[in-house]
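Trainee: Each chain is listed here by its residues.
2 protein chains.
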Amino acid sequence: MNRVLRIGLLGCGTVGSGVVALLQQGADDIAARTGAQLVLTRVAVRDLTRDRGLMLPDGALTDDAASVVEADDVDLVIEVMGGREPAGTLIRRALELGKPVVTANKELIASEGPELSAIAQAAGVDLSYEAAVAGAIPIIKPLKESLAGDHIRRVVGILNGTTNYVLTRMTEDGTSYEDALADAKALGYAEADPTADVAGHDAANKCAIIASLAFDSAVHGEQVYREGIEHITEVDIRVADRLGYVVKLLAIASEIDDQMAVRVHPAFLPKEHPLAAVRDAFNAIFVEADAAGELMFYGHGAGSLPTASAVVGDLIDSARNLMQTARGPVESKHRDKQIRPIEELSTQYFVLLDVDDQPGVLAEVARTFGSFEVSIAQVWQEGDEEQAQLVLVTHRAREGDLRACADALADSPGVRRVASVMRVESEVFDS
Amino acid sequence: MNRVLRIGLLGCGTVGSGVVALLQQGADDIAARTGAQLVLTRVAVRDLTRDRGLMLPDGALTDDAASVVEADDVDLVIEVMGGREPAGTLIRRALELGKPVVTANKELIASEGPELSAIAQAAGVDLSYEAAVAGAIPIIKPLKESLAGDHIRRVVGILNGTTNYVLTRMTEDGTSYEDALADAKALGYAEADPTADVAGHDAANKCAIIASLAFDSAVHGEQVYREGIEHITEVDIRVADRLGYVVKLLAIASEIDDQMAVRVHPAFLPKEHPLAAVRDAFNAIFVEADAAGELMFYGHGAGSLPTASAVVGDLIDSARNLMQTARGPVESKHRDKQIRPIEELSTQYFVLLDVDDQPGVLAEVARTFGSFEVSIAQVWQEGDEEQAQLVLVTHRAREGDLRACADALADSPGVRRVASVMRVESEVFDS
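Protein sequence lines correspond, in order, to chains A and B. All residue numbers for the first sequence refer to this note's numbering, where the first residue is 1 and numbers rise by one. All residue numbers for the second sequence refer to this note's numbering, where the first residue is 432 and numbers rise by one.
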């Protein structure tokens, strides 16, 4: 028990400070679990003068991140700087030096994860990133280890707390999108520029990481089909409610024959689905596997301490492995599945049309749907003398057909505007 | 990749058959993940003549389980026979021979887990048992690995599918306990003798395993305070509903200062709690940790394939470790917390009294509560001319005081019967 492992920390913002606190509070426990004292020897920060309220070893702070990676007195590296560079270069170098890396960097893993894992594998060291997806919720480990002997068919996640908070307010309080987003900013859930959240970029990155592990195939963030929640209206929310659905921003990774589908978009989700009960800024991931059946993982998807908890969990695994000159589970991309284009997926759709309230419009709309082989499951009309709204829910249809149909509807006599088109994810998500 | 690891299987009932199927279907995947071909060389069964519909290697079947453990051509042992003996003796022997063991045996782990883990540690091999708690739901690994750097305060679980099914039917359909249990038997959820489920023994065993890991302290199944659901009536369910609660059989493991509390009993749970939405035979485990916050794990808690999925997940970890002459995380019981007796815990209570409908009874009941320092939060009376029912919900009170109060009430003039006493688990579960 007098072995020591020396930790280099890249970044000491809110997550990094949380990591330092957990390492210090849990020192004895961690030693009992790893067989080594974990000692923080070097910490790279941007601003050397800022007071972080932490007790750090004398001389540990530096603004030269590369020096931390290279240091002889650093055995393991934790990266919590965020962003693709210089984090990527630093992590590659650490792995090449044979130093295990724990990172919380979803952008980097979503864009270069499979490549970095290959470097780690070649160097025979661990690269772990539980904290990169859904904060403290264990999802990387279940996909990579617990379900390693099973066959995962589909993963559906609510992976972005900001958008889930906004949609919850819109649903439960009838708040407008703008007001709900302003609340999210006031509560610190949303950034001043909320684009990464509301446009679905953040969820798409996490979706890529999940798909990559679930289907043993490399998926990059930019390959994920993506729509945000910016255009969701109170009418969409109200219609969904009336039909027995809630609107959620879903990240869906599914296997379809020998291909996979990866997509992030708002959708109607049945109120009875376990994900429908995930409120406010919580995250959850619903997994369907052949043998295990349905599983769900729920919790805080972000925040300094939840993320730090996941980082330290990974660190303990890596430290234990390093003490034994062993390695954790390797990632295999041996299935090498291709991504099926969104146009070729099938699901149900909700379509909302602003129409003239005059005879013949419904017949014309119905004819247009028919001509694109999109069959209508439900339809109703509402509105005043001046303008009416036509609400339609289709049976399962090919996305390509539905899109062509929506384009034709927009040019159709009597149709003023295609106000909304949204996927309806009933029991069968796609085929 | 031409390394081979040879597996000995103890037991080939429904779970064992599931394991064989997963090992055969997933052979290539498993080889990609472990770096070895996993080959089933020996299978111990009770009845050599039964057709299990499986393809097993010629001569693999034997009715001598000990010979499987001892065999030179067995590197790893899977135990899915169930029951304490001979499983315990076989597992101890396998560990002493340096053979990693994967087991789904909750009875055995709940009674001898800490001792078996110590033997495994001394022998330097893995003993894993994800399948022993909540089927395919990863909970052992999150407690032991993901949250290893965090501090777990409380774990609350719905850990028995049979009882959750019965309570769901009673709640949603107004079915009586007897009819709901008969349905559970017809559906195969309950055994012909359902005692282990309905009296809470099964949940208590799982609670012990969870507490043991969450608090790094040895807990045995028989140390868990236990009440079953046999006495729950339609009135209890109806009153709970009216007050905003559902009745669930909860397994609660919590840390209280330097002690811990471990208990399984039916309780009123607020409808808003994520566990309240866990219906039918599903299981779920709600974890509260200092840094991670609230987490929930949900899924199928039993069944041949879900359990087999967890067994094979563990097997892959063990095989990877064996290939590297490494070990998975060891269990540390270094905190050695003691169990606080149920009488010293505090919570709220629901009390239902059959009383004479005559003046002065309520005053006498209220006086009795007061004399035991149990303060009343809510009270109402209902009933006909002949007999009335008094429904009371207390503020937080010591269990010991509440019990003395209930005894005194039973002897109180005007009180015909203490019909129900049940714990009300609001936001604060205990202190």
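Hints were generated in silico from the structure; no laboratory data involved. For each residue, glycine too, the CB sits at the ideal point set by N, CA and C. Keep in mind that the hints are not guaranteed to be accurate.
Counterexamples of contact, computed for chain A against chain B with all Cβ distances above 12 Å [unchecked claim]:
#: 1; residue: I119
#: 2; residue: L143
#: 3; residue: A182
#: 4; residue: A277
#: 5; residue: R279
#: 6; residue: E294
#: 7; residue: H300
#: 8; residue: L315
#: 9; residue: R367
#: 10; residue: D384
#: 11; residue: R396
#: 12; residue: A406
#: 13; residue: G414
#: 14; residue: V415
Only some residues are given here: those of chain A computed to face chain B with a beta carbon under 8 Å [what the hints assert, rightly or not]:
#: 15; residue: G18
#: 16; residue: L22
#: 17; residue: E130
#: 18; residue: S146
#: 19; residue: R327
#: 20; residue: Q358
#: 21; residue: P359
#: 22; residue: L362
#: 23; residue: A363
#: 24; residue: A366
Listed next, the stretches of chain A that the computed footprint assigns to chain B, with coverage defined by at least 3 CB atoms under 8 Å from CB atoms of chain B [unchecked claim]:
#: 25; segment: 54 to 65
#: 26; segment: 227 to 236
Trainee: Now tell me, hint by hint, if it's right for this structure.
Mentor: Verification of the hints:
no.	hint	in the structure
1	I119	holds, 18 Å
2	L143	violated, 10 Å
3	A182	holds, 25 Å
4	A277	violated, 5 Å
5	R279	violated, 9 Å
6	E294	violated, 6 Å
7	H300	violated, 4 Å
8	L315	violated, 7 Å
9	R367	holds, 43 Å
10	D384	holds, 39 Å
11	R396	holds, 27 Å
12	A406	holds, 36 Å
13	G414	holds, 44 Å
14	V415	holds, 41 Å
15	G18	holds, 7 Å
16	L22	holds, 5 Å
17	E130	holds, 7 Å
18	S146	holds, 4 Å
19	R327	holds, 7 Å
20	Q358	violated, 46 Å
21	P359	violated, 46 Å
22	L362	violated, 39 Å
23	A363	violated, 43 Å
24	A366	violated, 39 Å
25	54 to 65	violated (count 0)
26	227 to 236	violated (count 0)
Checked against the numbered hints given earlier, the structure breaks hints 2, 4, 5, 6, 7, 8, 20, 21, 22, 23, 24, 25 and 26 and satisfies all the rest.
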